[in-house]
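Fit chain A with the ligands to the supplied structure of chain D, relying on the hints for placement.
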Amino acid sequence: MKLDWEYYWDEVKKRKFFIFGFFLVVLLPTMDTWIFLGPSVRTAQSVGIMPDSVTTSIIIQKAAILVIFAVSWDLLSGYSGQISFGHALFLGMGGYLAVMIREGLMIGDQEVFPGMEEQLVDIGGIYFDLSVIEAIILASALIAVFALVTGTIILRLKGPYFALVTLVLPLIAQILVTKIWGDFTGGDGGLQITSQLIQKPPGSTLEGLDLFKLQIEQMTTVILTFAIVCVAIMYLLARSRYGLVLKAIREDEQAASSSGINVSLYKVSVFVISSFFASVAGGLLAQVFGSSTSALFESERSFEIIIFSILGGIGTILGAIIGTFVLFFALSYYIKDGFVDLQTIEVLIFGLLLIIIIRYQPRGLINADPQLRNSLFFGVIFSFLMAFYDTGNMIIASTWNPAPILQKYLGQGERGFFGMDLFKVQGRMVLYFIVGTVIGYYGPELAQKIRLRLWGVWPSLGTFDPPK
Amino acid sequence: MTEVALSVRGLSKSFSGLKAVNNIHFDLKKNEIMGLIGPNGSGKSTTFNTITGIIPADSGSVKVFGEEVMGRPPHEISSLGLSRTFQNTRLWRELTVLENLMIPPKNQFGTSVLNALMPWKYKKQEGELIEKAYTILKLLEIEHMAENYASELSGGQSKLVDIGRLLMSDAKILMLDEPVAGVAGPLTEKIFQTLKKLRKELGLTILIIEHNMDFILRKGIDHIVVMANGEEILNGPPDIVRQSLDVIDAYLGE
Ligand SMILES: Nc1ncnc2c1ncn2[C@@H]1O[C@H](COP(=O)(O)OP(=O)(O)OP(=O)(O)O)[C@@H](O)[C@H]1O
Ligand SMILES: [Mg+2]
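Read top to bottom, the protein sequences are chains D and A.
With the numbering used here, the residue at position 73 of the first sequence is 73, and numbering never jumps.
With the numbering used here, the residue at position 221 of the second sequence is 221, and numbering never jumps.
Extracted from the complex, chain D is given alone in its bound form:
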């Protein structure tokens, strides 16, 4: 058989985005099963350079919180066009205020207010302190009121002036909490959290690491629930007339006001809503970190989500979600935690990606070539499955555990169902990357096609038809 290399190369080129997405999120986790790399990857995991299940859970927690944060930014800046470079202002305020409200506030020996009573509840096997959540929501509501006042003033500023003010505000806040109000904000050390969100279930015999793992998993459940609710609310807003009006304001303010739209009312309202959800994200982030520190106000926090949203596709909500998950989840999996001492490399890589995207996909991944989009959606789904598999019963603790089910039906490899396979079907060589071992067990071509269609990747994967 004579090989037509040009044809093969074309086939590869046609699928280039798919292969890119594949490498980005799917191939890397399976490296420990590779023949040459495997042993070193396994060693890396055992000594903590590559993440294990607890790390994965924490990454998911942070990613979910950042999704809330990024979506709130996208609603304000992507939709209404009021570009904020300092959204971390609300993140930090949310973090500090939620902790203060929950734990009470002392200035010197003087008690300003006592804090909230512990309120332990048990929902679906998760034993948690409801007052922490109440404090987060109350704090966010107060910050929304603050945003109403500041927004009324600063939203009068146009474009770059507004952006400049938002850039400065978190810097001022940072100085206030570390230097000027240090007495009750804890200065550089920040406010420590003493009342944990997730409590030890009564009568539980778990101890040490097992208890810790359980609590981490339950924390993930709570945070994901928060993320889903918050994002759903903002998504509904964005998809309604309300969101459409915001877009009209972004596109042409004067035309909007000539059409009877009260531009400043809409701007202030979206500012308030956005600040509310950003504060919720701040409150949750403080819970994950175990304290509220001035790091919450860092410009890096603001820029991070701007980059995520731009990469995903600004002004689409979905873009912010995808961007945050793909980048934060996938990249912190491999880069940040891979090079613990080189955290700045994350910023470097995001920056480079941003330049590439702005050059080649200015409207974000969400508006990108369908192949690239598919492969990334697909990659995100797989990242999730990967997480399920890695942490076992992570999300819905004892009721539904997808990992064994998936293994049962999708075949078992050393790492579950990921892998590559090269095999023969009806006299043709077929190379299947993604669901390798799974597909390998399906003989008839039709079944493969159906399965691939179900995954939604048929167009980009396809069968490999060598020329006769």
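These are calculated hints, taken from the structure and not from any lab test.
Being a predicted model, the structure only gives us computed values, none of them experimental.
Every residue, glycine too, gets a C-beta built ideally from N, C-alpha and C.
Some hints here could point you the wrong way.
[Unchecked claim] Below, in silico cross-link-like pairs of lysine-lysine (DSS-like), each with a Cα-Cα straight-line distance of 25 Å or less:
#1 K132(A) / K63(A)
#2 K123(A) / K247(D)
#3 K247(D) / K132(A)
#4 K19(A) / K200(A)
#5 K196(A) / K138(A)
#6 K172(A) / K106(A)
#7 K247(D) / K200(A)
#8 K124(A) / K247(D)
[Unchecked claim] Just the calculated beta-carbon pair ranges, DEER-fashion:
#9 Y360(D) / D170(A): 17 to 25 Å
#10 N148(A) / G351(D): 32 to 40 Å
#11 K124(A) / A232(D): 38 to 46 Å
#12 K197(A) / I358(D): 45 to 53 Å
#13 H25(A) / Y161(D): 34 to 42 Å
#14 K124(A) / L209(D): 55 to 63 Å
#15 K197(A) / N367(D): 36 to 44 Å
#16 G185(A) / D4(D): 56 to 64 Å
#17 W9(D) / K124(A): 22 to 30 Å
#18 I355(D) / H144(A): 50 to 58 Å
Just chain A with the ligands now, kept in the frame of chain D:
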């Protein structure tokens, strides 16, 4: 006596010394179609901008259905039932044509934050508005572009969408700034017929800026104001304006 829909008294606006609009007076009676004509830079668009609140006027008085609107923000003036187009069409470019038409209608449930969370509350109203939008698009012969982004339209098509946007707004007074510049002849005719028809059916009052005087004199307009160098040089029915054409020529002849 017929009711006055729009009354302008002593309207003036200068841009750093240049008197763009200088002491303009006119009354637009209800159900009337009025033309505002004049050469380039004579202050027609600025008159529109000051009436609608886009640019604050220096002095004068503007009353919409008897209500003083000077100094009020554009959206409040618009909510009194006055809608306008801009000369250089200002569509919302990243919105589709259909979405562009969906913004102007007043009292939409879905525009409030609380209702926005309950899609079932506004779906029915939205459906009706979409139907209305398609009727208008069909009338303007651009319904095939409904799902396209406004940024993908040609200049003439943009003009049409802009008019469509106006027709969606339920306004009682329509102010059109050169609505048919760049629109093909037969369609121009159709747009004028439609405007006249709507005026009868819905009791609309219409103010049109037109560059081409011959053109507007042929369109059966009730009342014409001629501007030059920011001043109002003629104000009357078309016949009188036609008779004074020589005068205008003399005035603008340089
Ligand atoms: N925003 C502005 N700033 C400064 N000068 C302006 C502004 N808008 C208009 N002008 C000036 O005011 C004068 C009148 O302009 P206007 O746009 O009202 O004319 P027009 O009658 O609409 O002309 P055309 O037929 O060309 O549209 C012009 O000399 C113009 O330069
Ligand atoms: Mg003009």
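Against the structure, the hints:
Restraint check: the Cα-Cα separation between K132(A) and K63(A) comes to about 30 Å, which exceeds 25 Å; the hinted pair is violated. With a C-alpha separation of about 20 Å, the suggested pairing of K123(A) with K247(D) holds against the 25 Å cut-off. The suggested pairing of K247(D) with K132(A) holds, with an alpha-carbon distance near 22 Å, which does not exceed 25 Å. For the hint pairing K19(A) with K200(A), the CA-to-CA distance comes to about 37 Å; that exceeds 25 Å, so the pair is violated.
This hinted pair checks out: K196(A) and K138(A) have alpha carbons roughly 17 Å apart, not beyond 25 Å. Simply put, K172(A) and K106(A) have alpha-carbon atoms about 13 Å apart, close enough for the 25 Å limit, and the pair holds. This hinted pair does not check out: K247(D) and K200(A) have alpha carbons roughly 35 Å apart, beyond 25 Å. For the given pair, K124(A) sits about 22 Å from K247(D) by alpha-carbon distance, which is consistent with the 25 Å threshold.
Taking 17 to 25 Å as the suggested C-beta distance range, the pair Y360(D) and D170(A) does not conform, at roughly 44 Å. With their beta carbons about 35 Å apart, N148(A) and G351(D) fall inside the hinted range of 32 to 40 Å. Evaluation of the 38 to 46 Å hint for K124(A) and A232(D) yields a failure: the beta carbon distance comes to about 22 Å. About 49 Å separates the C-beta atoms of K197(A) and I358(D), a value consistent with the hinted range of 45 to 53 Å.
The supplied range of 34 to 42 Å is met by H25(A) and Y161(D), whose beta-carbon atoms lie about 39 Å from each other. Checking the proposed 55 to 63 Å range against K124(A) and L209(D) shows it holds: the Cβ atoms sit about 56 Å from each other. In this structure the hint that K197(A) and N367(D) lie 36 to 44 Å apart at CB holds, the actual value being about 41 Å. In this structure, G185(A) and D4(D) meet the distance hint of 56 to 64 Å, their C-beta atoms being roughly 58 Å apart.
Here the CB-CB span from W9(D) to K124(A) is close to 55 Å, at odds with the stated 22 to 30 Å. For I355(D) and H144(A), the Cβ-Cβ distance of about 39 Å falls outside the hinted range of 50 to 58 Å, so the restraint is violated.
Of the numbered hints given earlier, the model fails hints 1, 4, 7, 9, 11, 17, 18; all others are met.
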